[in-house]
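A.B. asks: Construct all of the structure, not just a fragment, from the sequences and the given hints.
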Amino acid sequence: MRLFHVKHYDVVVIGGGHAGTEAAAASARMGAKTALVTLSQAGIGVMSCNPAIGGLGKGHLVREIDALDGVMAQAADRAGIQFRLLNRKKGPAVQGPRAQIDRKLYRQAIQAALSAQQNLDIVVGEAIDFLRINGRVAGVTLEGGAEIRCHAVVLTAGTFLNGLIHIGDSRKPGGRTGDAPSLRLAARLAELDLGRGRLKTGTPPRLNGTTIDWARVEMQPGDSDPTLFSFLSAGTLVRQVSCGITHTNPLTHEIVRNNLNKSAMYGGHIEGVGPRYCPSIEDKIVRFSEKSEHQVFLEPEGLDDTTVYPNGISTSLPAEVQIAYVRTIRGLENVGILQPGYAIEYDFFDPRGLSPAMEVRAAPGLYFAGQINGTTGYEEAAAQGLAAGLNAAAAALGKEPVHFSRTSSYIGVMLDDLTSRGVTEPYRMFTSRAEFRLSMRADNADQRLTPLGIAAGCVGERRRVAFDQKASALASAREALDSVMLTPHQIMAAGLKQSQDGVRRSAFQLLAFPDVDIAAVEAFCPAFAAFGGDIKDQTAKDALYAQYLGRQSADVAALQRDEGIRIPADIDYCAIAGLSTELRQKLSRHRPADIAKAGKIEGMTPTAVSLVLAFLRRADRRSAAK
Amino acid sequence: MVTIFAPATARGKAGIAVVRLSGPESHGAVAALCCRLPPMRQASVRRLVWQGIPIDEGIVLLFEAGHSFTGEAMAELHLHGSTAVISATLQALSLQPGLRMAEPGEFTRRALENGRLDLTQVEGLAALIDAETEAQRKQALRVLSGAVGKRANGWRAQLIRAAALLEATIDFADEDVPVDVTPEVLQIIDALLHDLRLEADGAVMAERIRDGFEVAIVGAPNAGKSTLLNALAGREAAITSAIAGTTRDVIEVRMDLAGLPVTLLDTAGLRQTQDEVESLGVLRAVARANSADLRVFLLENGVLPAGLSPCDDDIIVSGKADLPAFGQHGMAVSGLTGQGLDALTQEIGLRLEKRASGAATLTHQRHRAGAMAAVSALEAALFEIRLGSSRVELAAENLRLATRSLDALVGRVDVENLLDEIFSSFCIGK
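Residue numbers (the numbering used here), protein chains in the order written: chain C, 789 to 1414; chain F, 6 to 435.
Hints listed in this document are in silico derivations from the structure and should not be mistaken for laboratory results. These numbers were taken from a predicted model, which means no experiment stands behind them. Every residue, glycine too, gets a C-beta built ideally from N, C-alpha and C. Zero decoy hints are in this set.
Coverage of chain F stretches by chain C, computed from C-beta distances (three or more under 8 Å per stretch; other residues unrestricted):
1) 106 to 114
2) 389 to 401
3) 419 to 428
SDA-like, lysine to any residue: derived pairs with alpha carbons at most 25 Å apart:
4) C:Lys877 to F:Ser394
5) C:Lys877 to C:Ala1307
6) C:Lys1285 to F:Ala385
C.D. replies: Here you go:
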């Protein structure tokens, strides 16, 4: 009796990794009845690679996820065992929070968050097929024959699609070590005929921490004043630890060089493209042969876990070569390897086949998020999961799609890069990808995104109240500073540098001067002194960049205007007279979602953009007339 | 909304040229040139003066917002059709705050945005905008192929290098990036500033305006190219003889042709040859002919020369029309008797004017404005770098502004260009 097994949900999320958990939680927060289908309950929230979250660009993404009430930031704060704010000595726009994470605590925190989430069920099973009704994806079939009907499916298959693991010249199919690959789902997806490519990524050998001579390596503690991820967190919750730093040396390099022919990557066994910013030790030694040492971070995987992750020496050499080269490194002379490093190859689908809402254009009702789109990193995966989950739920509930602009969020930058430019190597976030970087800081992620989340309906009461309080305090602090106007004479009398230009400046403008600190401004504006330290700090950061933001505002407005002019998915470019055949083909192939994306297509001329615009205008007027 | 301006008429031999402005500052900008503004929609004669120096006497026409082509406040300046006048006017406008040169098609785009145009009207204007874009593309190609092009490519590489160095210290702070990149960045910016100040001062522009258009005469050996050149130039600029292959190098003659500054190029005859010097001459002929604005193909016995094919707008004529054996097809000329020369001159002028569409002045002004903006952004970057690494993101922002200002000269610089430079220079990756 198969009918017996049919269940109904609004949204089904396949996969319990970082994309899947964030997608399921977001969908449920929106009020959509959601099921998370995973191969194993215990596998939910597993960190499969390095034991760290955040960093430059990535830390921004985590803060943005938190601003929308996602789960990653609070779980990382619960499980963080060493917090460091990267670029602490540079400007606030490019500072990124990062933490070493206890794997077990993180997994527990994510699992607790999901089980506490209303509207969300966990279903253990393997999704092997999609149900298609009237051309839409409207459910999944599980191994064993059970069916789940729904309005939208979010697929977060990670590296499981046609995954192939390499250690030296041996290889086996798999997602990550110990997990079975999803071959049947991969075959089903192949029928959709989506553009696809192959990528690779590597991991280092995992070390036994009790066999490391910690006295011989440099120790790096966390910040004494830890910067947490969540806007709602107050402090660290568990014991904090240090990481070790050691280096490779010429002997290490000689062993690697002598065994290059045994490396999967150099032996020609791997066809996928690897990331340039995460080279294997083989790559480092071949490409930068002039360097006599490379840094290795020894990162503990947990408080009661002796496993150590040596960040910087990922490899696909055979196990016996790995132990030989690792033992040449200072402090690791007697180290034991718990699990050899390996390289993994996997398929991804060209994200240019997705709408900005992460929906597969060729399969309405199906959403992709995470590594399946050619990205790398927990944070990138989680941020996409969030966006896909919000949009799948919005579609199921008949709400407007949730749009992220590249003018106001790193999530927007990533989604736009992926869906309009595609990927050639695993996509990782960098702050340099964001052209409006100065206004998109980690510390103001809530100011940028929480209102969007409140409007979409994915932000809970507790966060909304906290946000409203902070926003009104920030506004009052700014008002207090704006109301105090100072002459150059007054400023100089306080011992500050200032040219006699006769221009009066507000206390807010004064705060942007390189040699002016908060205390100096408080002397002019006692009302400002009454605000809390975090409010004063953030106001000072706003002041620092204010003049640049003014300059950028015209660019921002132009881009937002073009992003705001949506192009219907079913537009017929052949019906637009005056477009060249070449552009017609390009537009039909790329199907840009809005005018901003259309303008970015190579070879687009101002005329062609005007023609598309005019066509849209006419269509608007016609439908208005009806 | 920024106020934009651009010439609205094609460049060339014409009695009148029109410069258009659109946006909130357009009336104020005109007031700065002519003191007393005329009433709306009433053509009035005004003397245009900028910083005490008279530019021209012309007609000023104002439109209020809601009653103009774009729907915004607009102004039109009807000037005398001379390159110098247009150039001075555009420069005076570009120096005013809140004004910038319009992008191709921007007037149309604004009209569309404000609901002043329908699709049919846009289609009608499309050809016009495309012509402007095409003229600019051609101009850019010309700029990028010569000595200026080499310099612009150098700037591009330097801008990418400096930005990559700064970005590497920002995005890969916790990795093995060499600690102090400041000396190299400072050195690069200093060198760029030196070059760009020259560009902004107009020294480079003036030189290019003088260059004018290049018209290459091409054909088989002994087709009569040098004779034609001499006839057009009115003097014996090139040696002529009955021996095929007399012209080895490219001979340049500057002249005024149909009112436009033109450099005529006489090139070596196109043929396969064992002679080393002559074959170098042929290679050079092909290269120069390709980068020229227009080619005049001289047919011999109705046959095109080998090694080069004509583009759409090129002129194809039969040479040696004076010879009795000559069969007449299409346009025919004889450098010896002067037959057909007037018609050829007129044809060259027509095609150049069509091609030009005001592009030369426009492009020069655009480059100059870009160089000026880049100079101030680079100066700001220097200032921030000297304040130390705590303001490195502000230095990077200024460098980005400088690079964007130079788009038209050096091409768009993308984040991928920076990442390429970073990953090939530094061993990034924990």
